[in-house]
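Using the sequences and the hints, build the whole thing.
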Amino acid sequence: MGSYVLRRALQSLLILLGISFFTFVLLYLIPADPARQIAGRSATTQTVENIREQLGLNLPFYEQYFRYLSGLVQGDLGRSYLQKTEVGELIASRLPATLLLMVGAIVCELLIGLTMGLVAALRRNTPTDTSLMVLSFVGVSSPQFVIGILLLYVFAVKLGWFPIGGYGTFMHMVLPSLTLGFLGAGWYSRMMRSSMIDVLRQDFIRTARAKGLKRWQVLFGHALPNALLPIIAMIGIDIGLFMSGIVVVESVFGWPGIGQLAWQAIQRVDIPIIMGVTLVSAFAIVLGNFLADLVAPLIDPRIKLR
Amino acid sequence: MKKALLAGATALLAATAMTPAHADDIKQGGSMVVTYKDDVSTLDPAIGYDWQNWSMIKSLFDGLMDYEPGTTNLMKDLAEDYTISEDGTVFTFKLREGVKFHNGREMTAEDVKYSLDRVTNPKTQSPGAGFFGSIKGFDAVAAGETESLEGVTVVDPYTVKIELSRPDATFLHVMAINFSSIVPKEEVEKWGADFGKHPVGTGAFSLEDWTLGQHLIFKRNEAYWRAGVPKLDQITFEVGQEPVVALLRLQRGEADIPGDGIPPAKFLEVTQDPQYKDLIIEGGQLHTGYVTMNVKMPPFDKLEVRQAVNMAINKDRVIRIINGRAVAANQPLPPSMPGYDTAYEGYKYDPEGAKTLLAKAGLGDGFETELYVYNTDPNPRIAQSIQADLAAIGIKVEIKALAQANVIAAGGEADQAPMIWSGGMAWIADFPDPSNFYGPILGCSGAVQGGWNWSWYCNEDLDKLATEADSITDPAKKAEREELWRKIFISVMDDAPWAPVFHEQRFTMRSERLGGPDAIFVDPVHIPVNYDYVWAKDVQ
Chain X
127 MGSYVLRRAL
137 QSLLILLGIS
147 FFTFVLLYLI
157 PADPARQIAG
167 RSATTQTVEN
177 IREQLGLNLP
187 FYEQYFRYLS
197 GLVQGDLGRS
207 YLQKTEVGEL
217 IASRLPATLL
227 LMVGAIVCEL
237 LIGLTMGLVA
247 ALRRNTPTDT
257 SLMVLSFVGV
267 SSPQFVIGIL
277 LLYVFAVKLG
287 WFPIGGYGTF
297 MHMVLPSLTL
307 GFLGAGWYSR
317 MMRSSMIDVL
327 RQDFIRTARA
337 KGLKRWQVLF
347 GHALPNALLP
357 IIAMIGIDIG
367 LFMSGIVVVE
377 SVFGWPGIGQ
387 LAWQAIQRVD
397 IPIIMGVTLV
407 SAFAIVLGNF
417 LADLVAPLID
427 PRIKLR
Chain P
3 MKKALLAGAT
13 ALLAATAMTP
23 AHADDIKQGG
33 SMVVTYKDDV
43 STLDPAIGYD
53 WQNWSMIKSL
63 FDGLMDYEPG
73 TTNLMKDLAE
83 DYTISEDGTV
93 FTFKLREGVK
103 FHNGREMTAE
113 DVKYSLDRVT
123 NPKTQSPGAG
133 FFGSIKGFDA
143 VAAGETESLE
153 GVTVVDPYTV
163 KIELSRPDAT
173 FLHVMAINFS
183 SIVPKEEVEK
193 WGADFGKHPV
203 GTGAFSLEDW
213 TLGQHLIFKR
223 NEAYWRAGVP
233 KLDQITFEVG
243 QEPVVALLRL
253 QRGEADIPGD
263 GIPPAKFLEV
273 TQDPQYKDLI
283 IEGGQLHTGY
293 VTMNVKMPPF
303 DKLEVRQAVN
313 MAINKDRVIR
323 IINGRAVAAN
333 QPLPPSMPGY
343 DTAYEGYKYD
353 PEGAKTLLAK
363 AGLGDGFETE
373 LYVYNTDPNP
383 RIAQSIQADL
393 AAIGIKVEIK
403 ALAQANVIAA
413 GGEADQAPMI
423 WSGGMAWIAD
433 FPDPSNFYGP
443 ILGCSGAVQG
453 GWNWSWYCNE
463 DLDKLATEAD
473 SITDPAKKAE
483 REELWRKIFI
493 SVMDDAPWAP
503 VFHEQRFTMR
513 SERLGGPDAI
523 FVDPVHIPVN
533 YDYVWAKDVQ
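Protein sequences, first through last, are from chains X and P.
All you need for this note's numbering is the position in the first sequence, starting with 1, plus 126.
All you need for this note's numbering is the position in the second sequence, starting with 1, plus 2.
Treat the hints as calculated values from the structure; they're not laboratory data.
Note that the structure is a prediction, hence the values are computed from the model and not measured.
Note that the Cβ used here is the ideal one computed from N, Cα and C, for glycine as well.
Possibly wrong hints are sitting among the right ones.
What follows is a list of derived Cβ distance ranges for each label pair [claimed, not checked]:
#	chain 1	residue 1	chain 2	residue 2	range
1	X	G294	P	S473	42 to 48 Å
2	P	D27	X	G294	42 to 48 Å
3	P	S473	X	N184	34 to 40 Å
4	X	L417	P	A267	38 to 44 Å
Over 10 Å on every C-beta distance to chain X, these chain P residues come out as not near it, computed from the model [said to hold, decoys possible]:
#	residue
5	G32
6	M77
7	K125
8	G135
9	R251
10	L305
11	N332
12	A345
13	E354
14	A428
15	A481
Here are the simulated lysine-lysine pairs, DSBU-like style, with alpha carbons at most 35 Å apart [unchecked claim]:
#	chain 1	residue 1	chain 2	residue 2
16	P	K350	P	K480
17	X	K210	P	K163
18	P	K78	P	K479
19	P	K221	X	K210
20	X	K210	P	K192
21	P	K279	X	K284
22	P	K78	P	K539
23	P	K115	X	K210
24	P	K125	X	K210
25	P	K221	P	K29
26	X	K210	P	K102
27	P	K138	P	K187
28	P	K125	P	K96
29	P	K466	P	K304
30	X	K210	P	K138
31	X	K210	P	K96
32	P	K304	P	K398
33	X	K284	P	K539
34	P	K187	X	K284
35	P	K479	X	K210
36	P	K402	X	K210
37	P	K163	P	K268
38	P	K362	P	K279
39	P	K78	X	K210
40	P	K199	X	K210
Structural data, given as structure tokens:
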């Protein structure tokens, strides 16, 4: 176990190093000049050159990358070109909102997805099953900005049940969490359905029924815990899915998380922020996968860590 | 034109409405909520150059000069008076006494000198440093040889003398832009690079709270030197709000001003709804949208080709694409800018005439080229309309829709972008003077690598005339100077390096709770809104 954790930690570190390198290369290659961006449209050539020198943008690529990495190991993500604020501070100020949104989304996707999957499995091959699976299909294939705007329009604008965007209370959290969780709910309902159907066919379920247990006891005491095993391990991997979704969802709902920060930085080619958010997201995804792998054998002894 | 006149009349009305007698009747108090899509980057006046922070900085800081609310007329601000030497190279400003920074210390001439030294110091990385190029000693400061501008001298605590290396008719405007705001040295040194998050000025409001990515709260500066200003006790700026969402919140009474204006997607719905008729405000702005043609890249090196493009673009259709939120342009200057030529008719829409010109240039069979455009709506749609117009005269255009920074970078290279649609990038004047519409975007100084003269047009004779015009500092010769600028811009049009397309109008909305002259909600200088003069009806 110990050597496995160490090996995976080293692997994760290498992955992060690779990501930092490739992101840096991509941002280095884009045909935009950060020094000119900072200097503004009225700047003289000399001002632009001064800025380029101050930021080290005149250095060769490897030196720039090395400088960035040495800052990184000391926990310094650099300073935003345009906001003139430490990137670490900007991300730290927005990370709690993103984490909160993710928790909300996980709750939503599990509640909706598992319920749908369970009902579909129990009503297998009935119109209920078909409708639920069509709905899950819609969930998986609908773009999040469409779902977001639709929910906003119906539940906030027309019905007035929720605030129109913003951040701060539980009510602010509902619609963005639903939007972000809807995609996962589609996946989970399908997984839950097939997993449940699989478990219900097993011998131990027949045994449970044979010994006279009530239907709900069989379902919740024996079938559900076993059907859930492959799904719980998936939650860690969801983080990656969420990371791609938060950029859209946070923009639609005015949610002050790192997705919104990234979107604004991309538009302005604020390279230190783009790098910082990419690395933090990559770290979250690597960590999520790592944890999912660690948890899997704990809940399913058939899986072994090697 | 009708709309331009309307805008002018609105500004005039506003100026009349802002007479002290009227303003004195308005009670101070109340609050408002303003929304923006993007986060505020900084509130450091030496650095801030965004849509969101421009007017916020004007409310937190003061400069020596400012503009009458809702107009482009210069007025004295922290300068109680000033004199200009006969040769136009020495400006002596007498400061108001007793003006205090938000930290309680009195502002003096030392602060003026410090602020100008700071903004021109390369270490500050100010995007506005270039505006101060005419101050004596600027080059030495820009080169990092010294940190003190030779031309700025503190005469006594309330007098500052600024010597220029050449006469500069725009200098009073330069003293009114945000970059010239007066900052207290001790606060800048205390916060260092974070001064932009902890701004301290002499302005009508002070920063109470700033939660990154969420909101900023401005509180009324009780000790503000201008009596009766500002009107509101508090302004809350909520950031990260999509313009459509912001408008919905305004309609529900949760917000008062959508800082990004009325979004195109909701424009017709809102403007056609009678219940919002009195809440929608239209105003002109010092903007021109144009297509640049790179005169260094064939076939745009031929005058006939550039003139043909000017005649081929159906400007009315382009304006329809943006729901009529503009007036057609026929010259670089916007109608409300001094020097605008009302008699000039420009190149009329004439596809047949354009074809004849192309044939004359030996391109009767047309040619293929590229049009670079910023990739946010409505710019690609405008580019498509131009593409269709040019196809009609045989020019096959490939549209290159890219991120803003990429288009700007392509324009700054001599051989990359044959044509650029300027929408979303250029040009809104930094200050209301024709000079600002020439040097960086049409003059030889801008036709350099990384410059903003994307047509790479360089006419040295016109450059000389421009220098001559900017040397006329005598206010009595204002008309002569304007005439000179008029001549320069019409000469530019003869060479047709641009196809001017439209001058954008701004449309915004205010909630019913707010009062104030319409012109301050679409202020041409305190962009987008002059917060200092907005008042709350519920406390009257």
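Check the following: the C-beta atoms of G294 of chain X and S473 of chain P are separated by a distance inside 42 to 48 Å. For G294 of chain X and S473 of chain P the Cβ distance comes to about 57 Å; the hint is violated.
Keeping to a limit of 35 Å between CA atoms, is the pair of K187 of chain P and K284 of chain X held or broken? 52 Å, violated
Is 38 to 44 Å respected by the C-beta to C-beta distance linking L417 of chain X and A267 of chain P? 42 Å, holds
At 10 Å, judged by beta carbons, does K125 of chain P keep clear of chain X as stated? 7 Å, violated
Just to be sure I understand the hint, the distance between the Cβ atoms of D27 of chain P and G294 of chain X should be within 42 to 48 Å; is that true here? About 37 Å separates the Cβ atoms of D27 of chain P and G294 of chain X, which means 42 to 48 Å is violated.
Agreement of K221 of chain P and K29 of chain P with the hint, judged by alpha carbon distance not exceeding 35 Å: 16 Å, holds
Would the non-interface assignment of G32 of chain P survive a Cβ cutoff of 10 Å against chain X? Holds, since 22 Å exceeds 10 Å.
CA of K138 of chain P to CA of K187 of chain P, is that 35 Å or under? Roughly 22 Å separates the two Cα atoms, so the pair holds.
CA of K125 of chain P to CA of K96 of chain P, is that 35 Å or under? At roughly 29 Å apart (the allowed maximum being 35 Å), K96 of chain P and K125 of chain P satisfy the hint.
Regarding the pair K125 of chain P and K210 of chain X, is the alpha-carbon distance no greater than 35 Å? 13 Å, holds
Given a hinted range of 34 to 40 Å, is it respected by the beta-carbon distance of S473 of chain P and N184 of chain X? Holds, since S473 of chain P and N184 of chain X (Cβ atoms, about 37 Å apart) stay within the stated range.
Proposed proximity, K138 of chain P with K210 of chain X (alpha carbon, max 35 Å): Given pair K210 of chain X, K138 of chain P holds - Cα atoms ~29 Å apart, limit 35 Å.
Violated hints, listed in ascending order, are 1, 2, 7, 8, 9, 14, 34, 35, 37, 38; each of the other numbered hints is respected by the structure.
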